[in-house]
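For reference, the chains in residue letters:
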Amino acid sequence: MSLDFDSAQLPNPNLTDLHHAWREQLRRFIDVEIMPYADDWDEAGEIPIGLWPKAAEVGLLGLSYPEVYGGTPGDVWLGQITAEELGRVGAGGINASLMVHNIGLPPIINWGSQTMKDEIAPPILRGEAWISLGITEPGGGSDVANLQTTAVRDGDDYVVNGSKTYITGGMRANWVSTAVRTGGEGAGGVSMLLIPTDAEGFSRTPLNRKQGWWASDTATLYFDNVRVPATQLIGEENQGFRVIMTNFNSERMGMAIHMEAAARVCMEEAVSWARERKTFGKRLGDHQVIRHKIAMMKQKINATQAYIRVCNESIERGEPNPADIALLKVQASEVMEFCAREAMQVLGGLGFMRGSRTERIYREVRVNAIGGGSEEIMRDLASRQYGL
Amino acid sequence: MKALVAVKRVVDYNVKVRAKADGSDVELNNVKMAINPFCEIAVEEAVRLKEAGTVSEVVVVSVGEKSSQEQIRTALALGADRGIHVEVEGRPEPLEIAKLLKGVVDKEQPQLVILGKQSIDGDNNQTGQMLGALANMGQGTFASEIKVDGDSLQVIREVDGGLQTLKLTLPAIVTTDLRLNEPRYASLPNIMKAKKKPLEVTNPAELGVEVKSHVTQLGVAPPPERAAGIKVEDVAQLVDKLKNEAKVIS
Ligand SMILES: Cc1cc2nc3c(=O)[nH]c(=O)nc-3n(C[C@H](O)[C@H](O)[C@H](O)COP(=O)(O)OP(=O)(O)OC[C@H]3O[C@@H](n4cnc5c(N)ncnc54)[C@H](O)[C@@H]3O)c2cc1C
Ligand SMILES: Cc1cc2nc3c(=O)[nH]c(=O)nc-3n(C[C@H](O)[C@H](O)[C@H](O)COP(=O)(O)OP(=O)(O)OC[C@H]3O[C@@H](n4cnc5c(N)ncnc54)[C@H](O)[C@@H]3O)c2cc1C
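Residue numbers (the numbering used here), protein chains in the order written: chain E, 7 to 394; chain V, 1249 to 1498.
Treat each hint with caution, since some may be false.
Said to hold, decoys possible - Now the stretches of chain E that chain V is said to cover, found in silico as 3 or more residues with beta-carbon under 8 Å: (1) 21–27; (2) 63–75.
What the hints assert, rightly or not - Straight-line distance between alpha carbons at most 20 Å, and here's what the computed DMTMM-like set of lysine to aspartate or glutamate pairs gives: (3) E:Lys60 with E:Asp37; (4) V:Lys1264 with E:Asp10; (5) V:Lys1443 with V:Asp1329; (6) V:Lys1250 with V:Glu1299; (7) V:Lys1441 with E:Glu73; (8) V:Lys1443 with E:Asp23; (9) V:Lys1444 with E:Asp81; (10) V:Lys1415 with V:Asp1399; (11) V:Lys1280 with E:Asp37; (12) V:Lys1441 with E:Asp23; (13) V:Lys1445 with V:Glu1356; (14) V:Lys1264 with E:Glu282; (15) V:Lys1280 with E:Asp10; (16) V:Lys1443 with E:Glu282; (17) E:Lys216 with E:Asp45; (18) V:Lys1445 with E:Asp23; (19) E:Lys60 with V:Glu1430; (20) V:Lys1444 with E:Glu73; (21) V:Lys1443 with V:Glu1313; (22) V:Lys1415 with V:Asp1397; (23) V:Lys1441 with E:Glu63.
If you are wondering where the hints come from, they were derived from the structure by calculation, not from laboratory data.
On a predicted model such as this, the values are computed, not experimentally measured, just so you know.
Heads up, the beta-carbon is just placed ideally off N, CA and C, and yes, glycines get one too.
Please put together the full structure from these sequences, using the hints given.
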C-alpha cells in the first residue's frame, strides 16, 4: 500500500475487464495529451482548440451518447472512470471546458426535436462545435424558478431579452441551451430554448479573472431582442423546469466523482511530501499530527468512494435517488475542501507556491461547492425530498 | 496478406519493479500488467499496414497464462482482427515460446510475422530470432522502418553504427525497435468492439510442442543502493579519488 491515487481506491466489484481497459487507454491519452500541458494551459487561461477532436477520437466526448450521433453508449462505471481520470489531472478548468457539452447537450438529446439532434449532436461529439448551458443569471443562480430572461412569442419566433452569467464555455459556444421565461411567474413559466450564438442581438464578454478553473472559459451572455424560431424550443413550452431537472443527477454525480478524485490527488501529494520532508530529525510522516491528517483524509475519501458506488449502483438499476445524490455532492465538496486544506498544510510554504496540483485544487474548491447546486441548496433539496 | 503479431503480458513500464522479500522472484502480486511496449509497436505497425491496404488480416497471438487474454483484447481494441491465446502455465523460456509460435505460424501461414525486439520483463531479445530460424524465414530485427514491396520487404534497422537497410523475401520476421512508430490509444468504441472479436484458445499439446525448461532462476536481488555523493575540495582531490578509489583512470 502506498496511498497513491490508484492504491487509495477501494475495490469495486462492478468493474470488468472492459472498464479496466478503458481506464488504461484513457490514462495513456491523458498522460500524453493533457497532463504535461495542464499547468501551461491553466496559466494561459485556455485549452487548445485541437484537444477537442483528439478527445473525440479516443471516445471521451461521445461517452454515453447514442451511436447515431457518433457517441458510445456506456454504463455508469465507464462514466465514473472518465470523471476520475480527468480529475486526476488536478486542473478542473480543463475538464470543465473540455466536457461542457455534458451539461449543454443532454437537454437536446433527451428533449429536443429530431432536426435539432441531427444538426448539432454530431459536430459537437466530433469536437468541432461547442454548446453551453445557460441557466444562471446576474440576478441569481440558486433560485432557478425565478429567472428573469424573457422569450416573448412573436409570430413563428421568440424574441429573447435578458442575460446569463458564469456560463462555462460561453465564449466559444456555437449554441446555448438557455432557460427563459415564456409564461408566468415561477417554475411553470420556464422554457428551454436552443439559441445560436451567431443570432443578431446576441453578445458576450469573458469573465477571466477567476479564483480557479483558469483554463475554462466563463462568460456573461447578453440577449438584446434576439429572434429565435419557435422550432428551437427544447421540450414543450413552459416545461423547461423538467428539462433542467433531468440534467441535474448526472451533473452532480460527475462533479462528486471529480471532487473525490481531486481529494485523492491532494492526499497523494501530501503523502509523497510527508515521506520525503524531514523536520526536527524525522520525516513529516513520522510526526503523529501529520499521520493523523493523512489518515483522516483517507477515512473521508473511503466514505465518499463507497457513497459514490451506492449512488451509481442505484442509477444503474434505474432507481436514482435525487436526495442521496444531492447530499453526495455535499459530501464530496466537503471532503475535497478538507483534503485540499490539509494537503496544503502538509506542503508548508511549498504549497503556497504555484506548481502543485494541490495548490490549484485548493483554488477549485469553491466553484465545486457552489456550482451545479450549492451545498446549502443541496441540503435544502434533500431534506424536502426526504419529506422533512 | 496476413500478418501475425506476437504480444506478451508484462509488468507495466510505469511500475517500479521490486524483488520479493524472500528474493525468489520479482513481486507480481497486485502489480499492474500491460502489453510489452515493443509488442504494442508491433501491433501498431500491423494495423497501419492494414489501413494502408497492404495487409488484409491482423492476427495477434500471446503465449502465457489465462490473464494474457487481457493483452490480446487490448491488441484487438488497437485494431487487430482476431486473437489466438496459447495457454501455458508459468513463464516459458524464449525458445519454448518460439516453438509455440512456430506451431501457430504453421497453422496460420502468415506472410509477415511482427514481434517486439525484446520484452521488458526478461530483456532476452531472442524470441524473434529463434522463430526465424525455426520457421526458416528471413529476419529483419530492430526495425525502425519497414516497407512491403510486392513479395519482398525492406527493413531499415538500427545498428550501432547507424542504419542498415535489408531486403527480405516474404514470408519474413520483423522485430520492432522503439522508433518504428508511436502506438495509438484504443478508443472506447474500439475497446467495446474488441469484446466481440474472435479469440481462439489453444495449448502446447494441440500445437504438438512439449514445453521444457532449461534454465532455473536462483534468485532475484535489487541493484545495490547508491551511496550518497560527496563534494570534492579541488581538482587534485577529484583526480586522486578517480585514480585510487574508483579506479576508473590510471
Ligand atoms: C466557474 C463557474 C462556472 C459556472 N458555469 C455555469 C454554467 O455553465 N451554466 C450555468 O447556468 N451556471 C453556471 N455557473 C453558475 C452556478 O451554477 C451558480 O453560481 C450557482 O448555482 C449559485 O448561484 P449564484 O452564484 O447566483 O449564487 P446565489 O444563488 O446568489 O447564492 C449565494 C449564496 O446563498 C446561498 N443561498 C441561496 N439561496 C439560498 C436558500 N434558499 N437557502 C440557503 N442558502 C441559500 C447559496 O448557497 C450561496 O451560498 C457557474 C459558476 C461558476 C463559479
Ligand atoms: C509567501 C511566503 C513568504 C514567506 N516569507 C518568509 C520570510 O520573509 N522569511 C522567512 O524566514 N521565511 C518566510 N517564509 C517561510 C515560512 O516561515 C515557512 O514556510 C514556515 O515556517 C513553514 O516552514 P516550511 O515551509 O519549511 O514547512 P515545514 O517546516 O517543512 O513544515 C511542513 C508542514 O509540517 C508541519 N510540521 C513540521 N514539523 C512538525 C512537527 N514537529 N509536528 C507536527 N507538524 C509539523 C508544519 O506545521 C507544516 O504544516 C515565507 C513563506 C511563504 C509561503
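Where does the structure disagree with the numbered hints, that is, which hint numbers, in rising order?
16
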